[in-house]
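J.: Residue numbers (this note's numbering), protein chains in the order written: chain D, 1 to 302; chain G, 1 to 325; chain A, 1 to 325.
Keep in mind that the hints were calculated from the coordinates and are not lab data. If you're wondering where the values come from, they're calculated on a predicted model, not measured in any experiment. Certain hints may be false.
Unchecked claim - Quick list of in silico lysine to any residue cross-link-like pairs, SDA-like style, CA-CA up to 20 Å: (1) A:K241 <-> G:E154; (2) G:K198 <-> G:A32; (3) A:K241 <-> G:G34; (4) D:K192 <-> D:T114; (5) D:K192 <-> D:L210; (6) A:K241 <-> G:P105; (7) A:K241 <-> A:R318; (8) D:K192 <-> D:G202; (9) A:K241 <-> A:G252; (10) D:K192 <-> D:D123; (11) A:K241 <-> G:R108; (12) D:K192 <-> D:W206; (13) G:K198 <-> G:D179; (14) A:K241 <-> G:T101; (15) A:K241 <-> A:I106; (16) A:K241 <-> G:L107; (17) A:K241 <-> A:P114; (18) A:K241 <-> A:I190; (19) G:K198 <-> G:G216; (20) G:K198 <-> G:G34; (21) A:K241 <-> G:S150; (22) A:K241 <-> G:H111; (23) G:K198 <-> G:D223; (24) A:K241 <-> A:E49.
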Amino acid sequence: MSGRAFLDSDVVHAFRQSPAAIASAFVALVLILSGVLAPWLAPHDPTDLATLSLLDSFKPPWPAAKAEWVNLFGTDSQGRDMLSAIMYGMRVSLLVGFCSVAIAVTLGILIGLTAGYLGGAPDTILMRIADVQLTFPAILTALMINGIAGAALPRTMRDSMQVPVIILSIGISLWPGIARTVRGSTLVERDKEYVLAARVIGATSWRIMLRHVLPNVLGPVLVLATLGLGLAVLTEATLSFLGVGLPPTRPSLGTLIRYGNDFLFSGQWWVTIFPGITLVLMVLSINLLGDWLRDALNPRLR
Amino acid sequence: MTPLLDVRDLIVDFPTRRGVLRAIDRVSFDIAPGEVLGFVGESGAGKSLTGAAIVGLLTWPGRIAGGSVHLTGERIDTLRPDRMRRIRGRRIGTIFQDPLTTLNPLLRIGHQLTETMLTHLDLTATEARRRAVVWLERVGIPDAPRRIESWPHEFSGGQRQRVVIALALCAEPDLVIADEPTTALDVSVQAQIITLLKTLTRENGTAVMLITHDMGVIAETADRVAVMYAGRIAEIGPVAAVIRHPAHPYTDGLMGSIPTVKHKAERLRQIDGSMPRLDAIPAGCAFHPRCARAFDRCLIDRPGLLAAGATQAACWLHAPEAPHG
Amino acid sequence: MFAFAASRLLQAIPVLLTVGLISFALFAFVGDPVTILLGQDHTEAQRLEMVHRLGLDQPFFIQFAYYIWAALHGEFGISYRLAQPVSRLIAERLPATLELASAASILAIAIGVPMGVYTGIHRERWSSRLFMAVSLIGVSLPAFLVGILLILLFAVSLEWLPSFGRGTVVPLTSWWTTGFATWSGVRALILPAVTLGLFQMTLILRLVRAEMLEVLRTDYIRFARARGLTDRSIHFGHALKNTLVPVITIIGLQFGGLVAFSLVTETVFQWPGMGLLLVQSVAVADIPVMSACLLLIALVFLTINLIVDLLYFVVDPRLRASRDP
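Isolated chain D, as found in the complex:
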């Protein structure tokens, strides 16, 4: 698969043929847009404490008896509009998701190229690390890195550094899959004649490798990145739910679910269920899109 091929008409054609792909792309797009554009679209600004009133707290979602349709999904314990909170929460979840995938892709490409190109001991060591890490679930790796970073950072910096720490720990937990794909492709390219020729004339074959390997792995890496985005969003939500993720000052979907969880027994189910449904929809649509993309780019699989 060449670099251009994954955007050519075949994939576009296959996309138009698949209702599941169109539906999941539509859902993912709506959710991503409403998250990204939350400051402009959301009915309220949940971070603006001045507009909150405890009198508005725990309004049930529309169309219940006391509900106003303005608060479509009801309000939380502090009178915050849940719809707005969810939109802002998605924004945070997506920020963490996209940034950690970017880190994972960068790390994966660099490490995969290095391992594949150098071969020998560096290759063995790097891939051994990748193997071991692959047997641990991302959540466990991210949790450990997060915990270590928390202990290493001075107490005063912990809150302000929490978002970068989460991004970094999720990013590190996702690199092995990408690195292995890139390494495999590098091994194939490395022994091709143009690379040998380039070496003979003394050109730095690193740059040549980068230029030739990258187009070849773009398709698979795009698939892994899409599936990785789903996993990253889920990992962040899980960490935040466990209380070791994002600080309450920047609530993500996972944080919302965690706080809502406390009100489950007092009957305010909507405070936790709506962010939960949003999370499931988001992860499911991204995963279905990634699955479809994998099949479309590689017809031999399945």
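Following the hints, complete the assembly by docking chains G and A onto the known chain D.
T.: Then chains G and A, alone, in the frame of chain D:
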């Protein structure tokens, strides 16, 4: 006398997205008790499918779309699955091509043998075990009492096919369908396996439907032979007659492609072209595009089996009014 | 087999030492244990005394050796958060986690394997399609949402089952307390076990189904059918056994998933086990507990891998032959 197996106008279809493929088209033949009927033809001619259809083991989506199969007078192609299961193994045994893949790798040989016998015969476990040892001895496995505890991977390819033969015969069926029993084996052991099969079935009076693409095996083993082409029987008759005086131009071509001792110097003849794909079988006689002696009727009418000397051939050359030449 | 087990044990030692080094590095260099133990207000003399007591003035490898020596004796230092020996904390929490994990695994295997076999054999039935659709939801739902939904349904709405804690536990030894002995303990176990087992169950179901479909296509299953063996014997005696090797592998590999999901499950249900301990320790950077958990997880991981390897030997005779002279 009722034949042991009587197949009439058997049709096997494979429904696919692009339409129904007819893999077997009105095939009729019978097998007498103790008789060895050979089936020859190129791969894809429908030999193995005919065998699979008889024992009700067509792979999905293949199905019997017409015709009938009778075993000693009883119709078996319409039996309920559970009744058919009792016929498989007990009345009709089957031997498959590749002995490396036909034995379950995780079960001991003895277990596979006794399980088969206990399923069909009214035996005690001890008696089944004793018979399993006897069967291993009969198929020529040395040190049978000990080998019965062995796993399939501990046998060589030829030995495994011997075990497969024991498994196919151990419930004492009246008919064995041997589907290319030697194709996957070393040339050096092929003859031994054929001899073994011949001896054992003769001792037990078992009839054999021997599917192969090797005319040599047919010549030395079979009583009669059926030649298949594009899902139809082209010619059927006593082996000697079919070999010496082939009545169908396709059979003639097949015989021409067998090297003989007499005509060493002569170049082997070859039939031009190849067998049509299932979705492109020509009208009339399926062989006519490749037949040097085809005439106008062959393009339109499909010939049934016609008497042609000692054999029967599906060829208009043998119609009473046909132009002889 | 014993030689193989011994060689695998030897291979595990460097891995354990590496993990030990990482967990020691965590223990010794991350954060400032002296400040954490003494608080902000302490004299220089107190500091030096503490440094000496913790052995921080020793060379690196001496410290590491001490650490490993202590770990071998079950000593992992004092928890910063709870000011108790880590070993005692773990001993108190371990039974809860083991009981939860084993209940979840038994549930997952006891339901997942039969349902996988069923959907593999009857893949066209609507009930199979229903199982598959439900299992897709099971795979897609995050574990904590499953827990929340179960609590909402069975604890809040129906009020059938408790939503947190272990119920009444009975001490078996000085530190092992079991929830299996009382009705309230068993009731408390149900929701967490379902939450933890659901993902594994769906995974096992899908895997067994895929393997069944694969195995049912093999020649030896066709041959078993051709011998007229009963469906029951073919499905359970012949096919299921051949699906076991990959299934055991995945169940073993999924152990990591079990650990990860037990963190989540224990947090949702406030289950007083290792997972909750680890999460609470990470939240406040309780390094000694974290490093001990890291070592323990690695140890259990290696043990599970060893068990998986040994199970291969039990299942597959070909491995016994090739690796054990």
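J.: Check the structure against each numbered hint from earlier and tell me which ones fail, lowest number first.
T.: 3, 18 and 24
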